[in-house]
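Student: Here's the letter readout for the chains.
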Amino acid sequence: MVKPLVPKTHDVAPVLLAAPAGATTALVAAAAGYQVWVTGLAASITATGAGMTITFKDSAGTALTGVMSYLAGTPIVWPQGPIALPYLRTATGLGLSVTTVNCTLNGTFSYFLVKP
Amino acid sequence: MVKPLVPWTHDVVPLKVEVAPDTISILVAAVAGFQVWVTGLAASLTSVPEGSPSPSPSPSPSPSGEEYEAPISGPIPGTAIQFFTTTGVELTGIMDVLEGLPIVWPSRNIDEPYLRTPTGTGLVVVTGDCSFNGTLSYFLVRP
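Chain order of the listed sequences is B and Z. For the first sequence, our numbering begins at 1 and goes up steadily by one. For the second sequence, our numbering begins at 117 and goes up steadily by one.
Because the hints were derived from the structure by calculation, they are not lab data. Quick reminder that beta carbons are idealized off the backbone N, C-alpha and C, glycines included. Some hints here could point you the wrong way.
Said to hold, decoys possible - Here are the in silico distance ranges between beta carbons for each label pair:
1. Z:Gly204 to B:Ala42: 36 to 42 Å
2. B:Gln80 to Z:Pro234: 30 to 36 Å
3. Z:Asp227 to B:Ala42: 37 to 43 Å
4. B:Ala50 to Z:Glu228: 36 to 42 Å
Stated by the list, open to error - Residues of chain B placed beyond 12 Å of chain Z at every Cβ, according to the derived structure:
5. Gly22
6. Thr24
7. Ala32
8. Trp37
9. Ile54
10. Ser69
11. Pro79
12. Gly81
13. Ala91
14. Gly93
15. Asn106
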C-alpha cells in the first residue's frame, strides 16, 4: 500500500450509506481544517422512477462527479484503494453529500478525514 | 509497501468528469516535461435519447481556454468512449459500455497507472452517442 501523503485522523471505518430518492443527503459532516477522502464504496441503486442518477457533491453543493446514470439493481463497487488515491476528495472544511434522482442509493462507503 | 518509482507533482485530486455526447474533450491539458498517469476512474455512460439530434463532434476548449485542434477523427459509434493523447495517439481502443453499467477502474498504486501519456502530452476522451460522467484520478509525472 502506498504510504499516505498526509496524516489521517483515524483508521478507516466503513459507514452506512442510505440515501433516499430525490434528495441531497449529507454523508460526512464538514470538519474545520479537514478534507473528506473517499477510498471505497459498495452500494446498489433501487429505482423509484425513470432516469436514475446520482451525483456526489461537497457540502457547499459543488459537484465532485458528473451526473452518473445507472441501471436499477446494478452493483456499484469502487474497490478499496490506497489512502493516497481517493475516488473523491473535498476541499478543506467541506463535507460530503450525494444527490439522488429517481432512485435510492444503499450500501457502505469508506472515507478518511484528512488534514492537508 | 510499494514505493513510487517517480516523483509526483501534487497530491492526487480526483477530476470531475462531465463530457457531452459526440465530443472531443481535454481531460488533462499537456504540460511540458510531464506525463499524465491515470490511476483510477469511476463513471457511467448515458445514451443520447432516441430521436435527439446528435451534434457533430466538436473540440472542447482546454482548461486554459485555448482552442484545441485535436488530430483525432470522429465520431465514434454507439455508447462508447475512447482515450487519446492530445497529439492524437490512441491510448485505448473504442470501448463500448452498456448504458447504466458502472465503469470502474479501481484506484491503484501510483506506479501502476491504467493510462500513461508520452511526455509533454495531455489526456483526451472522445465520446460516442453518450455522455460520460464521473470522476478520474491522475498524476502529472516527470519521468
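Student: Hint by hint, note whether the structure agrees.
Tutor: Consistency of the hints with the structure:
1. Checked against the given bound of 36 to 42 Å, the beta carbons of Z:Gly204 and B:Ala42, roughly 38 Å apart, stay inside it.
2. A hinted range of 30 to 36 Å for the beta carbons of B:Gln80 and Z:Pro234 is consistent with their spacing of about 31 Å.
3. Distance hint check: the CB atoms of Z:Asp227 and B:Ala42 are about 26 Å apart, inconsistent with the given range 37 to 43 Å.
4. Separation of B:Ala50 from Z:Glu228 is about 39 Å and conforms to the stated range, judged on CB atoms against 36 to 42 Å.
5. Distance to chain Z confirms B:Gly22 as a non-interface residue, since its nearest Cβ pair spans about 18 Å, more than 12 Å.
6. At roughly 17 Å, the least C-beta separation between B:Thr24 and chain Z is larger than 12 Å, which holds for a residue marked as non-interface.
7. No beta-carbon of chain Z is positioned within 12 Å of the beta-carbon of B:Ala32; the least distance is around 19 Å.
8. Not every CB of chain Z is more than 12 Å from the CB of B:Trp37 (nearest about 9 Å), against its label as outside the interface.
9. At roughly 9 Å, the least C-beta separation between B:Ile54 and chain Z is not larger than 12 Å, which violates its mark as non-interface.
10. Not every C-beta of chain Z lies more than 12 Å from that of B:Ser69, the closest at about 4 Å, which undercuts listing it as non-interface.
11. Listed as outside the interface, B:Pro79 is inconsistent with that label: its C-beta sits roughly 4 Å from the nearest C-beta of chain Z, within the 12 Å cut-off.
12. Remark: the non-interface label on B:Gly81 conflicts with the geometry, its nearest Cβ contact in chain Z lying 3 Å away (cut-off 12 Å).
13. The claim that B:Ala91 is not at the interface with chain Z is violated, since a C-beta of that chain comes within 12 Å of its own (minimum 10 Å).
14. Consistency note on B:Gly93: stated as away from chain Z, and its beta-carbon is indeed over 12 Å from all of that chain's, at 16 Å minimum.
15. With a cut of 12 Å on Cβ distances, B:Asn106 stays outside the contact zone with chain Z, its closest approach being about 15 Å.
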